[in-house]
Amino acid sequence: MKIKPLDDRILIEPLEEVESKTSSGIIIPDTAKEKPRVGIVIAVGTDEDLQSKIKVGDKVLFAKYGGEEIEMNGKEYRIVSRSDILAVIED
Amino acid sequence: MKIKPLDDRILIEPLEEVESKTSSGIIIPDTAKEKPRVGIVIAVGTDEDLQSKIKVGDKVLFAKYGGEEIEMNGKEYRIVSRSDILAVIED
Amino acid sequence: MKIKPLDDRILIEPLEEVESKTSSGIIIPDTAKEKPRVGIVIAVGTDEDLQSKIKVGDKVLFAKYGGEEIEMNGKEYRIVSRSDILAVIED
Amino acid sequence: MKIKPLDDRILIEPLEEVESKTSSGIIIPDTAKEKPRVGIVIAVGTDEDLQSKIKVGDKVLFAKYGGEEIEMNGKEYRIVSRSDILAVIED
Amino acid sequence: MKIKPLDDRILIEPLEEVESKTSSGIIIPDTAKEKPRVGIVIAVGTDEDLQSKIKVGDKVLFAKYGGEEIEMNGKEYRIVSRSDILAVIED
Amino acid sequence: MKIKPLDDRILIEPLEEVESKTSSGIIIPDTAKEKPRVGIVIAVGTDEDLQSKIKVGDKVLFAKYGGEEIEMNGKEYRIVSRSDILAVIED
Amino acid sequence: MKIKPLDDRILIEPLEEVESKTSSGIIIPDTAKEKPRVGIVIAVGTDEDLQSKIKVGDKVLFAKYGGEEIEMNGKEYRIVSRSDILAVIED
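Heads up: the sequence lines are chains E, W, Y, U, S, C and G, in that order. Residues 1 to 91 (the working numbering) make up the first sequence, in order. Residues 1 to 91 (the working numbering) make up the second sequence, in order. Residues 1 to 91 (the working numbering) make up the third sequence, in order. Residues 1 to 91 (the working numbering) make up the fourth sequence, in order. Residues 1 to 91 (the working numbering) make up the fifth sequence, in order. Residues 1 to 91 (the working numbering) make up the sixth sequence, in order. Residues 1 to 91 (the working numbering) make up the seventh sequence, in order.
If you're looking for bench data, these hints aren't it; they were derived computationally from the structure. Computed from a predicted structure; not experimentally measured. Don't be surprised by glycine CBs; every beta carbon is placed ideally from N, CA and C. The reader is advised that the hints may include incorrect statements.
[As the list claims (entries may be wrong)] Examples of chain U residues toward chain S, derived with CB under 10 Å:
#1 Pro5
#2 Arg9
#3 Glu16
#4 Asp49
#5 Glu71
#6 Val88
#7 Ile89
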């Protein structure tokens, strides 16, 4: 099964959220956890300008509550809009 | 009877929602069910750009509460807007 | 008396709502009745693009609470906007 | 005194609302009275496209609560926007 | 001191509101007084299209609560936006 | 330290508000004080059209609660948007 | 790890907020602290016009609650939109 997002949407596989610890080992409280998440781009929408900026395989930072959650083959994905993508991350 | 959607609307026959079970057999609670649904495109609106992206027979993922519900010949359909279509699914 | 809608408006004569029964004869509850309605186009607004898509005599599906209700010669009509028209129905 | 509406506004003299009776003589309850009203166009705004569609003397149907009420020489008028005009009525 | 409004703003000197009486001498209640007011244009904003439609010295009808009140030399003025001007009045 | 506003923003040094007295010496109540304020333009944003209309040193009238307050060298300034500027004042 | 903001976003490293004291040594109350903050631009989004106005290394003033907070290598950053940037500061 292959999902092809429409227009300016992007299919993302969110990466596991590593338990949040500061360098001193203190657990960050819940509210502080509502930060953007990191994910891998699985498919890019049909918009050509978007395709020139975001590629399949890109690691991206996206707004945590942006978009819609979907489930495929037992894994969770998100379909977000371009405006939910904050940045591309290069390791 | 044939329904021809206007402008950027799409007529969809939603597929039955298979009862949600995780691989471990646990029932997903109701709130988690408010995910996008899958349906088959029955008719595409008059917008030409839309017609180049969505075809009759396409299996699409659409926002669960998007659009309007209609009943024809005892079956339920939805007429949704382009912005309610998240992606095309290829098996 | 003749009513000529302005811009993107359409004058519709709503068809009687047949009492809603499912094939098994069960009455659909009230909330389920808030579905789009069917009507006949009596007049189309001055917008040229609209006139190329909607014709006098078309049977259309329109959002139930869209537009404004008017009464002429003892009959009820609705003046709706283009965005309230979901589809044209061909029998 | 002459009032020249600016841009897309239209000066209307609302016609008296005849007491609402159905053909069977039953009085329509108050809520049902919040329908569009009929008025005569007294002056059309400076917008050229508007002037090509609405003429002084036209009988128009306009949204009952649209625009602003003004009083001139003891008579009531309304200045409404183009979007408040639903249709032109030809007798 | 001279005030030169920016962009689409207009400086208005509101005319005194004559106590509201109908021809029969009945005082109009407060709610009915929330009508547009009349004022004299003192200065017109820098927008060229606006300058072609509204001139210094014009008597205008403007939305009563539109814009901002300012005080100069002990007199009250209003700076309103173009959209607050309903019409030009010619005596 | 020099502040260069971005796009359509303007840096303003608000002038002291002289205690409000009418010519009869009566203090204007608090609500009446929520009027536009006067300030001196310290820097104009990068927008070229804005730069052609507002100059450094101009005395301007601006919406009292518009923009953001900043402190530099112990003095208070405001950075407001073009839409917060009502007029330029010439003495 | 390198973060490349998308479109009109900017990655900022906020500077420490020096404890707020007025010249007389009085502590400014909390509400007064909700002022814009200063930060250093770490990366500029893909928008070309933005890149011509904001450069890496610029010290900028940005709306305190604008954008999203992210954490990299134990340091806090913000990704803000162009509209959250008030001004560039030159020392």
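To see whether the hints hold, each was checked on the structure:
no. : hint  : verdict
1   : Pro5  : 5 Å, holds
2   : Arg9  : 6 Å, holds
3   : Glu16 : 17 Å, violated
4   : Asp49 : 15 Å, violated
5   : Glu71 : 7 Å, holds
6   : Val88 : 21 Å, violated
7   : Ile89 : 23 Å, violated
Consistency with the previously given hints fails for numbers 3, 4, 6 and 7, ordered from lowest to highest.
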